[in-house]
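Chemist: As a plain string of letters, each chain reads:
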Amino acid sequence: MADPGQAQDIVLASDLTKRYGEGEAAVDALAGVSVAFPEKRFAAIMGPSGSGKSTLMHILAGLDRPSSGTVSLAGTELTGLQDKALTQLRRDRIGFIFQTFNLLPVLNAEENILLPLSIAGREPDREWFQTLIDTVGIGDRLTHRPAELSGGQQQRVAVARALVSRPSVVFADEPSGNLDSKSSNEVLHLLRQAVDEFGQTVVMVTHDAHAASFADRLLLLADGRIVHDGEAMSTEQTLDLMKDLG
Amino acid sequence: MFKLVLRGFLQRKLRVTLTAVAIVLGVALMAGTYILTDTINNSFATIFQTASAGHDVVVTPTQVLGRRVRAQTSPVTQGMLETVQRTPGVAQASGSIFTPGTFLNMKRERLTTTNAPAFIGSLVPSHFESFKPVRGSFPQNAGQVAIDEATAQRAGLHVGQQIIVAGSAATGTYTIVGILKFGGGESFGGAGAALFVPAEAQRLLGETGRYDQIDVAAQHGVTPGELRDRIRKELPATVDVRTGAEQAKKDTSDLENNLGFLRTFLLIFAYVALVVGAFIIFNTFSITVAQRTREFGLLRTLGGSRAQVLRSVVYEGLMLGVLGGVLGLLAGIGIAPALDQLFKAFGADLPDSGTVIESRTVIVSILVGVGVTVAAGLPPALRATRVPPLAAMREGVSTPRGVRTGVGVLIRAVIFAVVGFGLAALLSSPAVGVIAFVGLSIYVTVMLAGLVRGDRPARHRIVSALGRALGSLVRWRGITGRLAEENSIRQPGRTMVTAMALTVGLALVAFVAVLADGFKATIDHAVDSSFAGDLIVENSQSGNEQGIPTGVAKALRTVHGVSGVTAIAFSIGRPRGTSSNETVTAVEPESFAKVYKPEWKHGSIATLSGLSGNGAVVTEGFAKKRHLHVGSTFTMLTPTGRDVTLSTRGIIAENAGLLGGVTVARTLAASAFGQREDAVDFVSYAPGAGNAQVQPAVDRLLKASYPQTRSRTAAQFKQDLAGQINSLLTLIYVLLALSVIVSLFGIVNTLILSIYERTRELGMMRAIGTSRRQIRQMIRYESVITSMIGGVLGLVIGVVGAVLTTTFALSGSSYVQAIPYGTLVVLLFVAALAGVLAAQLPARRAARLDMLSALATE
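In order, the protein sequences belong to chains A and B.
Under the numbering used here, the first residue of the first sequence is numbered 1, with each subsequent residue one higher.
Under the numbering used here, the first residue of the second sequence is numbered 1001, with each subsequent residue one higher.
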């Protein structure tokens, strides 16, 4: 495992707030969050519904803008970027894994994996592609369309899609939320593998303590603030910690 | 329930608007057509009423060969007038003239520029006169004329100035002594009128001693009906005797009959637009029903009955239909003057005083709007009723399969029939009807076979194949092109119906384009084969069916460089024992035989050059139908109401170009058929004489003596005819454009609904770095592929349909097949452009999609 001490911070956020609505009805989804994600590490963000974990991830990934505060990703300041530059940054520097897989039903598995490169108009690195499909284990399903794949297979395709452009960071939003426990474990192992073998940086939002146990680091959010930041723990320890924090 | 539907309606403003447009445009054209034609009819009815005021009885020539055929020589004579004047109960009777002529200024330019006719009329006693001088007075002698105010204003003419008037016999220069106003001041249609003293009017028209009409006033105490019956007894059957009121009614109904063509012509385009609209409504409802599957499932779970589900969809169609009908009617009121302007632009000036909106127009507009919408929305509504209650519980339950039932096939077959037979009516061609019927039968058979076997319908394979082929056009653009291709064939049924809307319009455009090109080629061929000489002399307002004076031919013979002139006239006759009219060609036998060589079956060119008395040359077909051979006789009813017995002298091959079923000598046409004018003169040049010298000399003569005529070389003549076809073609294109516009809205609607369905996909694509430009591009390509599927199908159907129609319907005629490749390529571009245009709004919406809500899990 990489030494966190020497690692560079890929994602750096400081004093992030996100306020919805105005006046008395205003709700603070984020109430001042500062956090750094060093490279080649697997972080899990947990928290109850409405804790702001999704909002945080959206802002870190350039999908949403904070009300105040700054985010920099791989050295680029996101806050001031126009839509065009932000889109390009997401395309080249970020990988996404969604709870609902979000594969394009009209493309086959291979085309779905290569989608980020197609959008960028780049040729795939064949060797890397081969390594990826060997790792996610869908080599025999490449010509199948999503409708012909199981949920677990679809999410493994989605993982390959997130990794294919070798992004600076992969954001995973409840990647195991729609899967049975076996498939869920396979996908989480894949993320672990991505960090350990390929030196990928992964930030995962989840409400599943078991999923969080695959990570290196555990962040707990409540009411828009970070209430815990430490080494990842076993499922039981995590559940206890969450219970303690109420 | 109704409230619920209304609320949904208001929430989907954009879709409702787009769908309503589909119906509004068709209804608008329909309402506009009714309003325009009602207005024109009403204007004419007023004119005829004014014209018959003070007339208790009117004597007019009997139109024995139907309303459209009028003898050039009136059977109403001075003797008849005197007979009427002697009839007891007649207070006053006078003969009058009212026949088309030509007005020119002193520069010999026509005063009526459009196709509206100009009439030469005779002054009648004040009791009968419907014109009143607004300045000056009525003419007193043969050198004077009074003209209508509109013509005077248009030409900037005043009392004291001179004009030239050309009739079918003579031309003269006259001093304007009065400017006239018709009746109560309403416009006299678009037509012009010039009044002369009776003898001068008769001289101009070559009808000395004859009248177009006898106007009669009854003595006090004698009813018009009584007087009519008394006069009827005194006069021969070659004239009709009517009361003034009857005459006005007859004139009005004749006119309505003539305008009926205009109404039908315009209504066909309205029906086409409505059929296209029906496609769009069907598609929109199908898509929304699919998207509301869970809602319907929930409704059923909560105890809603199938009938309630059906009602919720049908109510929406009903409201949409009422909205479309009302808006269409309002738009129609606006469209009517625009249609009028459109016709003016194409040279048909029709009177229109005061917009007339009959209650029929209102009722029909709204009924059609509602009817079409509800009918088109019904199949999807029925599908909605088959949503199982479970659909509410399950994620991603697909809608019940499309209407693959007998009823569905029937509904589609009806739509098909409307299109097919509409086309047949459009071209008044039974052959199209036959083709539509054959196509319909094939369709129903295939669909029923598919029903039994439960296959994927063939049309889906067509869409996929076309989508793939057209997709290759955009695939090189990378992932956006590739996705556009896949998305366009993702739901083949939906794409098909969307594309079909465009197909209908473009098929008709292609059909008409092919036909027009064929007609142009046919005309070129016909002119080449039947242009008897080097030059043709015709009336310069050739569209008005006015001929040229018989004196022109004689005058032309004096021009230096002219070796021969032959005059041709066309009349009509009805062979005894039949009810169909036959074209009768009248020729000057000797000169004609020198320049025109028909193909002989029996007889020779000597037969033609020796044609005289009651001799006739007939075509093979005419002879066969009546078992005629050389020497046998047949009887024909002529426009003057006389029977004439003709003797068969020779038989020529069918399709003899200039020659109709029957050819007679011009002298016989004048005496028996009442033919006073010639249609055209053919001029042949002397050896060594060139067009550069002769045509200008001919033109100088014509301008000086017969200013209503002009000369044309074969090339110029072809160009004129091609020009006429082109302007008709343009008119049809303009009217069909409406259907294409309607189908555009269909594409917009389908795209918007599809984008809504793919919200999550688009959100994901944006999240992983697809730019807004790429999203717009993808939607645009999808739209272009869809519109091109419609375009390609339309062109194929149109061209194949036109070729089949002409092959079957015009086989044996001299029709020359021609395919306008250039136009077809342009049409493909139009289809592509339609796709680009239709994609504008949907593409923007897709690119502006809110990513976070698109990605949010439910």
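A couple of the hints might just be wrong.
Unchecked claim - Straight line, CA to CA, 25 Å or less: simulated SDA-like cross-link-like pairs of lysine to any residue: (1) 1132(B) x 1232(B); (2) 84(A) x 1013(B); (3) 84(A) x 1848(B); (4) 84(A) x 1755(B); (5) 84(A) x 1852(B); (6) 84(A) x 1854(B); (7) 84(A) x 1771(B); (8) 1250(B) x 1226(B); (9) 84(A) x 1149(B); (10) 84(A) x 1226(B); (11) 1344(B) x 1733(B); (12) 1013(B) x 1226(B); (13) 84(A) x 1773(B); (14) 84(A) x 1756(B); (15) 84(A) x 1322(B); (16) 84(A) x 1850(B); (17) 1181(B) x 1149(B); (18) 84(A) x 1836(B); (19) 84(A) x 1477(B); (20) 84(A) x 1693(B); (21) 1594(B) x 1577(B); (22) 1594(B) x 1693(B); (23) 84(A) x 1045(B).
Said to hold, decoys possible - Quick list of the computed label-pair ranges, beta carbon to beta carbon: (24) 1014(B) x 134(A): 46 to 52 Å; (25) 1828(B) x 122(A): 32 to 38 Å; (26) 1472(B) x 23(A): 42 to 48 Å; (27) 1850(B) x 140(A): 53 to 59 Å; (28) 1840(B) x 199(A): 44 to 50 Å; (29) 1330(B) x 143(A): 55 to 61 Å; (30) 123(A) x 1014(B): 38 to 44 Å; (31) 181(A) x 1850(B): 44 to 50 Å.
Rather than coming from a laboratory, the hints here were simulated on the basis of the structure.
Computed from a prediction, not measured in an experiment: that's the story for all the values here.
Quick reminder that beta carbons are idealized off the backbone N, C-alpha and C, glycines included.
Chemist: Hints first: check each against the structure and report whether it holds.
Modeler: Evaluation of the provided hints:
no.	hint	result
1	1132(B) x 1232(B)	31 Å, violated
2	84(A) x 1013(B)	31 Å, violated
3	84(A) x 1848(B)	12 Å, holds
4	84(A) x 1755(B)	21 Å, holds
5	84(A) x 1852(B)	17 Å, holds
6	84(A) x 1854(B)	19 Å, holds
7	84(A) x 1771(B)	7 Å, holds
8	1250(B) x 1226(B)	19 Å, holds
9	84(A) x 1149(B)	69 Å, violated
10	84(A) x 1226(B)	92 Å, violated
11	1344(B) x 1733(B)	16 Å, holds
12	1013(B) x 1226(B)	67 Å, violated
13	84(A) x 1773(B)	9 Å, holds
14	84(A) x 1756(B)	23 Å, holds
15	84(A) x 1322(B)	45 Å, violated
16	84(A) x 1850(B)	15 Å, holds
17	1181(B) x 1149(B)	6 Å, holds
18	84(A) x 1836(B)	23 Å, holds
19	84(A) x 1477(B)	20 Å, holds
20	84(A) x 1693(B)	73 Å, violated
21	1594(B) x 1577(B)	35 Å, violated
22	1594(B) x 1693(B)	23 Å, holds
23	84(A) x 1045(B)	68 Å, violated
24	1014(B) x 134(A): 46 to 52 Å	48 Å, holds
25	1828(B) x 122(A): 32 to 38 Å	34 Å, holds
26	1472(B) x 23(A): 42 to 48 Å	57 Å, violated
27	1850(B) x 140(A): 53 to 59 Å	38 Å, violated
28	1840(B) x 199(A): 44 to 50 Å	46 Å, holds
29	1330(B) x 143(A): 55 to 61 Å	56 Å, holds
30	123(A) x 1014(B): 38 to 44 Å	41 Å, holds
31	181(A) x 1850(B): 44 to 50 Å	34 Å, violated
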